[in-house]
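For reference, the chains in residue letters:
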Amino acid sequence: MVCQVVYGTTAGATLFATAATPVLQTSQLNSLQKLPDTVAEFAVPTFERPAWYKKQVADEKKAQEIAQSNARKATQAATGRIVTYSLSTAGATSSDLGEFSSQVNQTLNDARGWARMGIGFQEVASGGDFNLVLSEASQVPTFSSACSVEWSCRVGVSVIINDARWTGASAAWNASGGSLRDYRHMVVNHEVGHWLGHGHLNCTGAGQVAPVMQQQSIDLQGCTFNPWPLESELWSSQLGIQ
Amino acid sequence: MATRERIVVFAAGYPMIKRTAAGGEAMYRRVIASCKRHPWRALSVTGAVLLLILSGVYVWYSINIWGNLASDAQSERKIIRSKLMNIHSQDQPLESIKTLAESVHADTKHFCDVSALVSWHRHSFDAAKVAHKECVTHQRKIGAVSESLRDITYRIDRELAFEAHIASHQGKLNNTEASDYALHKKTWQEFIDLTQKLKVDSSLEAAKKAAISSSTFIVASYDQLIAADKAEKRAEFDAAAADVQKGFSMLGEIQNLSVESYAKLVDTAQSTASTL
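Chains as they are written, first to last, in the numbering used here: chain A, 471 to 712; chain B, 102 to 377.
Hint data in this document are derived by calculation from the structure and do not stem from the laboratory.
Every residue gets a Cβ at the ideal spot worked out from N, C-alpha and C, and that includes glycine.
Misleading hints may appear alongside valid ones.
[Stated by the list, open to error] FRET-style restraints, in silico, Cβ to Cβ: (1) B:Val160 / A:Ser501: 47 to 55 Å; (2) B:Thr238 / A:Gln712: 50 to 58 Å; (3) A:Ser571 / B:Ser372: 32 to 40 Å; (4) A:Gly675 / B:Asp208: 16 to 24 Å.
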């Protein structure tokens, strides 16, 4: 997924809505920022297991799985928080809003998703912890100059899903043979991930499963597509979950 | 004898000259003659003439100053707008923006100041009052653009220092043996100490805090990793290793916060620039 909230160099220049001729170009100003790209270069360490560790693995593999399962259940029981969100649209959208609502809720509460942090997501009529917006592509930049017509975006409590991506995924995704439903899982998880406090991540190595916060539509960097958050991504500064 | 004849000729000719002299010239001669007789009159006449000239110059100067004030400001706005539109073609956009912002700031500081000789006119004459008000409006708009651009360049300067600090830390990590947990922990602790001392723009404070909190989490995770390794406790080792990785992914919040806060500065700059 690509979104421009944390995308340093926006490809499309967003110009003033009110001026016929642009005075300052967004892409030009955004290109001055180097920090986001540098932060993305942090290589997540992979730990070579010590010898004593490898010796124990064979005997305790099964026990460990049970322990992890129990630990997960304990975390879920301890957290149990319900995150609320409202739905809205911006501009003229072509998608079925009922289907959008239903699929978003399924994704957010899927046992493979953010719900693994022991939280649940509930749609409310208005307000909510965040607002999920299905937006006509041309309307996306109106939320922030950092957003573009190309991609989905997140600005403050607004999690904006680009209607064009919702209906047609992305060129890279489609070229790799990914399904539309998986793309929808990914775009919702990715953008909500920003709201939860996440930035972008890079692939940790060839053949690895891509983090959901990786910009998978641009470049898989050798990883495999993945619409769901990895174990290491299960935290939220927004909700105070580590 | 010859001398006497000349005098006679001169004396004889004088009435004839007097009869044919122009009226103005006669007046002039009378005034000169009068001035020679009465020096105070000469002084008065000279003073009156000078006063008349100076008054004319003063009125011309005032009209010129107030008449050009607003139009000069408007022209300056157009020039600045044009320069902003051409920034994207510069090789070093940051330096260009910085130079432009500083020059605009310096140029517009006393933009609507006029000579003390005529500055009081804006309190007394409507035309001067209107011209000054119009100039101040232009000055404010240009000033707002200058300020928003200065905010951006200041922010980017600070951010580049922050970015260099992170890049240097990444270099150290890359050169550290992955299994040397103690050295990794020490490197992260040094990073925290230096980050705390790092001066950042207020718009980057949240990102700095995120860097410190993520790094603190990583240091604590390395502590657990070292302890688990020493005690040969595999579950603890796994948990600590996962926490270290989680700490790395938490660093992503720096991106989030820096892009968000920068986008606000960009929005402000665009908004002010659009008024030019």
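key: Numbered hints the structure breaks, given as an ascending list   = Hint 4 alone not satisfied by this model.
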